[in-house]
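Participant: One letter stands for each residue in the lines below.
There are 6 protein chains.
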Amino acid sequence: MQLQLQTWQEVEAYLQTSRGIILPIGSTEQHGPSGLIGTDAICAEVIAQGVGEAADALVAPTIAVGMAQHHLGFAGSMTLRPSTLIAVLKDMVDSLVRHGFERFYFINGHGGNIATVTAAFSEIYTARSLETASNAAPIKCRLKNWWQSQEVHDIAKELYGDAEGSHATPSEVAVTQFAYPDAIKSAVLDPPVAPRGDFADAADYRCKFPDGRIGSNPALATPEAGRRLCEAAVAAIAKDYRNWVAV
Amino acid sequence: MQLQLQTWQEVEAYLQTSRGIILPIGSTEQHGPSGLIGTDAICAEVIAQGVGEAADALVAPTIAVGMAQHHLGFAGSMTLRPSTLIAVLKDMVDSLVRHGFERFYFINGHGGNIATVTAAFSEIYTARSLETASNAAPIKCRLKNWWQSQEVHDIAKELYGDAEGSHATPSEVAVTQFAYPDAIKSAVLDPPVAPRGDFADAADYRCKFPDGRIGSNPALATPEAGRRLCEAAVAAIAKDYRNWVAV
Amino acid sequence: MQLQLQTWQEVEAYLQTSRGIILPIGSTEQHGPSGLIGTDAICAEVIAQGVGEAADALVAPTIAVGMAQHHLGFAGSMTLRPSTLIAVLKDMVDSLVRHGFERFYFINGHGGNIATVTAAFSEIYTARSLETASNAAPIKCRLKNWWQSQEVHDIAKELYGDAEGSHATPSEVAVTQFAYPDAIKSAVLDPPVAPRGDFADAADYRCKFPDGRIGSNPALATPEAGRRLCEAAVAAIAKDYRNWVAV
Amino acid sequence: MQLQLQTWQEVEAYLQTSRGIILPIGSTEQHGPSGLIGTDAICAEVIAQGVGEAADALVAPTIAVGMAQHHLGFAGSMTLRPSTLIAVLKDMVDSLVRHGFERFYFINGHGGNIATVTAAFSEIYTARSLETASNAAPIKCRLKNWWQSQEVHDIAKELYGDAEGSHATPSEVAVTQFAYPDAIKSAVLDPPVAPRGDFADAADYRCKFPDGRIGSNPALATPEAGRRLCEAAVAAIAKDYRNWVAV
Amino acid sequence: MQLQLQTWQEVEAYLQTSRGIILPIGSTEQHGPSGLIGTDAICAEVIAQGVGEAADALVAPTIAVGMAQHHLGFAGSMTLRPSTLIAVLKDMVDSLVRHGFERFYFINGHGGNIATVTAAFSEIYTARSLETASNAAPIKCRLKNWWQSQEVHDIAKELYGDAEGSHATPSEVAVTQFAYPDAIKSAVLDPPVAPRGDFADAADYRCKFPDGRIGSNPALATPEAGRRLCEAAVAAIAKDYRNWVAV
Amino acid sequence: MQLQLQTWQEVEAYLQTSRGIILPIGSTEQHGPSGLIGTDAICAEVIAQGVGEAADALVAPTIAVGMAQHHLGFAGSMTLRPSTLIAVLKDMVDSLVRHGFERFYFINGHGGNIATVTAAFSEIYTARSLETASNAAPIKCRLKNWWQSQEVHDIAKELYGDAEGSHATPSEVAVTQFAYPDAIKSAVLDPPVAPRGDFADAADYRCKFPDGRIGSNPALATPEAGRRLCEAAVAAIAKDYRNWVAV
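Chains A, B, C, D, E and F, in that order, give the protein sequences. Sequential numbering from 1 applies to the first sequence in this note's numbering. Sequential numbering from 1 applies to the second sequence in this note's numbering. Sequential numbering from 1 applies to the third sequence in this note's numbering. Sequential numbering from 1 applies to the fourth sequence in this note's numbering. Sequential numbering from 1 applies to the fifth sequence in this note's numbering. Sequential numbering from 1 applies to the sixth sequence in this note's numbering.
Because the hints were derived from the structure by calculation, they are not lab data. Hints may contain errors.
Intra- or inter-copy, both count: the list cannot distinguish identical chains.
[Unchecked claim] 16 Å max Cα-Cα, derived EDC-like pairs, lysine to aspartate or glutamate:
{"no.": "1", "residue 1": "K90", "residue 2": "E102"}
{"no.": "2", "residue 1": "K239", "residue 2": "D211"}
{"no.": "3", "residue 1": "K239", "residue 2": "E151"}
{"no.": "4", "residue 1": "K90", "residue 2": "D204"}
{"no.": "5", "residue 1": "K208", "residue 2": "D162"}
{"no.": "6", "residue 1": "K140", "residue 2": "D240"}
{"no.": "7", "residue 1": "K185", "residue 2": "E10"}
{"no.": "8", "residue 1": "K185", "residue 2": "D94"}
{"no.": "9", "residue 1": "K140", "residue 2": "D198"}
Assemble the whole structure, with the sequences as input and the hints as a guide.
Facilitator: If you want it as structure tokens, here you go:
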């Protein structure tokens, strides 16, 4: 159930049965020579919609631009400052709290968002924690990375082993191939498996990872693998959501 | 050309031919008993993608949550504070400037965004205007509402006359019906044409417009009208974009 | 009634009879070779004081520095960033709400303020709209440009036709000549009627409008015309204020 | 020389001879039963204009609303948050630096502004101090309270002794009587000399100083004393300004 | 080498040999009935000073108040909002960059800081990543939790097994007992091993963990264990620091 | 009583007897060729702990980094922007208010903090003053510079006369020598007594005061003088605290 495709009266009815909502968050950033700039947003959106259907949960519109400062050395990458993204998430949650939502389940497509989204949760909680005696209903936020389940991990391990890497991974590229088969790109990847390492700002990143990939060989991606990964992620996350929202 | 479906190398190539980019911005807010919460984001996105194709222009991901504080009395509506939205737009433009983009053409689906987006442009320009001697390339931003052309105005007038109203209009509902035919909703609209007037905060809005509509009769919307409106909007805006980006 | 010339006990008495207040807002920016830098603040102030007398309304001190980033290429121009101006307006309104004021009528002298002031209204409203059940008295803000009435428009049309232009207009210069007859400046205006067009940042503005004017011939201004314009504006706005504050 | 009454070309010419500018800053707050709400802004403005004439210096428009949170218990008082006022002062100085101004001399009418204005100077300097090797021209800011000279102090002492007090003083009321003889108010002051003490927030202030005055007997004020105080202040400050701007 | 005990000339000399600095960051928050409120700051400080000596590195003053909103239900706990802590860390790093420091190694004593500190690094990097061609020296930040090494983990496992828990752990209490033997507290812990689980805001935390501990039995702590843990942490982190700063 | 060495239950017990807390605030900045960078933080901390013992008052952890933008020309100096420091102080006070603290007594070691800390108090109060009818307990903040008592002033005068100066004073250096006898530094001071004057940003400061001192001869400092100054300061401030907190 996409929030965008409901009327306000349908949302009002939904709130009679559930106080939970799913919020996909991705990023708009380079994913190597063959990966799409929207990879992280696409993965989060596709899997969130699957989870929404599987768990009868409302899905908010995707936050497509996340925290991706380290990718700014590559054309097309966009970032919000962490302080901006914190403000965005606070406003979004504050808006939904107004209507009675109490459980905010973020499905995330980008490792670079984790720290800032987690900090945003604390910013949101702080406003409540500073009040001595609030009669506001308690709220809870949860961040779930789409690749963060045993089932997805096992598939990626089976299919790609060490060539999964950590950026522009064959797994995430596969999910986008499954979602947008008309936008599959090919490119010469040299070396086939990209170097590994850590990084600081955009210049440092580009210097160490000249084509944008980290430790991965996305040439291994296939739409079929994307389908498997998607289904596994949806099943695992839908289960996690149902358990969490029920508490 | 959706930015999300490009690789960074394709964006690099695009920048050899154009310094312009289209950014759709909508809202997530109630649109009356039969209108979708995502109406404004859907209209902006659909028309921006049409313009992107017609004008060979890159289209950034849609900003789905805008400034909609006055709709918070209706379930599902979300807002960014104006100060937050200004920060978001500044970060997005700053990111793209980093790569060499110089013309930022926002296609807008929500009247409530106009003031804040325009203020954001000034915030972006101010950083440059305060520098005495900058060697930065000049940048320009433009806001175009999708309904803001003679052609679209004429169709709406012909089809709906005064029942077009100003919120949850049959025109915008028609565009969403064309875009999402499976999500067409029906509802008893009483009175058929909603009251008119101005408003302040969310409580004031809900008090004056109990079902969320202003001056409109969205029951008149049809997918076919949506198609006509879309095509007219795309043609008019693509022309405007091409002229503007060429200067 | 200027707020600045009242005692707090007089304001307390005023609040027994009215919850409205008028807030003039102008700008400090170049107005061409013969226009005063304070033109917009002077126009807003003079007309606001007239309205205050005509409508028995309290008039707050003039906000003299507005959003004028595009004029920074000309000596003496000052700007607040939009985000700063939003904070200023929020603090001012919040202060007055503390005392029981509920209607905030801004008389504006500068087109460049419109978007930011309107965004500030939304910022102010958002704080209230995000609260589920507030027992705060409802507040309303209204922005009225001093030139925004049929009567004023007709006089400007009659006197100046197309030479009214849009910046450093003979109308606004006339009002300042009426208000400050000792500060009337003359300058060679070449061409007599300035070019028209749009603009982005300060460098862009200065490049397109080398002497600061847009589309205007302020040499046509006279103090007598200023008097007529002032009187027409005061009458029209006082009527609008009285109607608005009564609702 | 009021900035507001100059053209941009006159300012450009002024900058050939001086890099200094005077900025009056006051407050909009209760001044007891007989003092004007605009007292601090009026004093700062009148004296700044005198100094401007005496020292051939440009005078910016008055900042009429300052930091006056402690007066919010009395109708008509307005405040900017310290963080807002810091942003305002930074934007104003940044704007003027753009044109080549380098010396910013604030003439202050309100003790409650001192800390925040001084903090704002540090905020402005910090942006420069954090740069390792800046080629920006050095700038300097100075805060001068209008009552802060031996000459003014002596007159106040002679005329009022201990009844000068520290808020709604006969000195400042006298200056406003001199400036606005038509707005002289009278009120029963009971006790004639108000209590003294410190204060925290608005509730605390109102509790300790029920009519708004601190330690003063403004009934002693006369327009003639206002004239003397004004002249003494103008002379002393003009001298200080000339010395300071010359370094 | 504590920065606080150096002269500026000694720091200047240090910069000839190293561009790295260690910054301890802790928290001020309840640590159960027998743990000190300063536990996290004490651990970070003691170990950072040890690392400073072992690695000949400068150690900045300890950031004693961190992000601890979830502990605000217990007296004495203090928090910075995430957005405030981000601003603090940015200012501190910006200050040190001014002098030529390039490697910022944060030794952390509080799990609740991790997300916000990591987001702060991104905020710092973003300012650089948004510049197209910066000639600023590259900087790098690293966060190291004091308990984050195999050696420390092994000792805690050996000594406490599952009773280590995750808040008010015997390990961290032991370190404070070693550091402040005069401040060892005892308390009845009931149950001996505290419950486990996750948490949201302060009310939620207090409800689930009534005495403040999570999963731990701090009664097992001894000063001697604290010594062992300290030494192990210092050795492991000093090695990590030396390797990292050398790159 | 250091807050850091208490348990939360001890703080809860303390609040039964007192609503006051002492917060030391210093700075991290150069203090001339022989003064420690931590001088201001050390002085504030040592004296605050003495006052805490003398007055049975809780002492919060020291804020070690203050507002020191003017010292950034000397290696090792760190600053918070005034706006950042205001946010920090607000968060700290807000946290403690949550537990029932009502009196916040800041013992300050750095003249450069005074304006910003005072502005922060106003920022904290403003949040309360803007509320019409708050039922929050009243809070009060007080700033006391450690050198701000007749007793301390007399000792400094007796020992150093005019060579006390205003930065890197023999008094403050003496206090650090008493506190950290192992960190006493010596340096050739040329001239023995440093020049005097005012300053703006860091470049201006360094230009006027090449070795960092202002008007002082810190070579006169001795640990024994530090002991006397400390004891005098503790006695005077403890008395002031007890009086203030009792009201």
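Participant: Hints first: check each against the structure and report whether it holds.
Facilitator: Quick rundown of the hints versus the structure:
1. Taking the closest pair of Cα atoms, K90 and E102 come within 16 Å of each other only inside a single copy of the chain (13 Å); across copies the shortest separation is 28 Å, beyond that limit.
2. Taking the shortest Cα distances, K239 and D211 never come within 16 Å of each other, neither inside one copy (37 Å) nor across copies (32 Å).
3. Taking the closest pair of Cα atoms, K239 and E151 come within 16 Å of each other only inside a single copy of the chain (12 Å); across copies the shortest separation is 37 Å, beyond that limit.
4. Taking the closest pair of Cα atoms, K90 and D204 never come within 16 Å of each other, the shortest separation being 31 Å inside a single copy and 19 Å across copies.
5. In the homo-oligomer, the alpha carbons of K208 and D162 never lie at most 16 Å apart, since the shortest distance is 19 Å inside one protomer and 40 Å across protomers.
6. Within a single copy, K140 and D240 get their C-alpha atoms as close as 14 Å, which meets the 16 Å cut-off; across copies the closest is 36 Å, which misses it.
7. In this assembly of identical chains, K185 and E10 lie within 16 Å of each other by CA distance solely across copies; the values are 10 Å between and 40 Å within a copy.
8. In this assembly of identical chains, the alpha carbons of K185 and D94 never lie at most 16 Å apart, being 40 Å within a copy and 28 Å across copies at closest.
9. For the homomeric pair K140 and D198, the shortest alpha-carbon distance between copies (10 Å) is at most 16 Å, but the shortest distance inside one copy (32 Å) is not.
In summary, the numbered hints that this structure violates are 2, 4, 5, 8.
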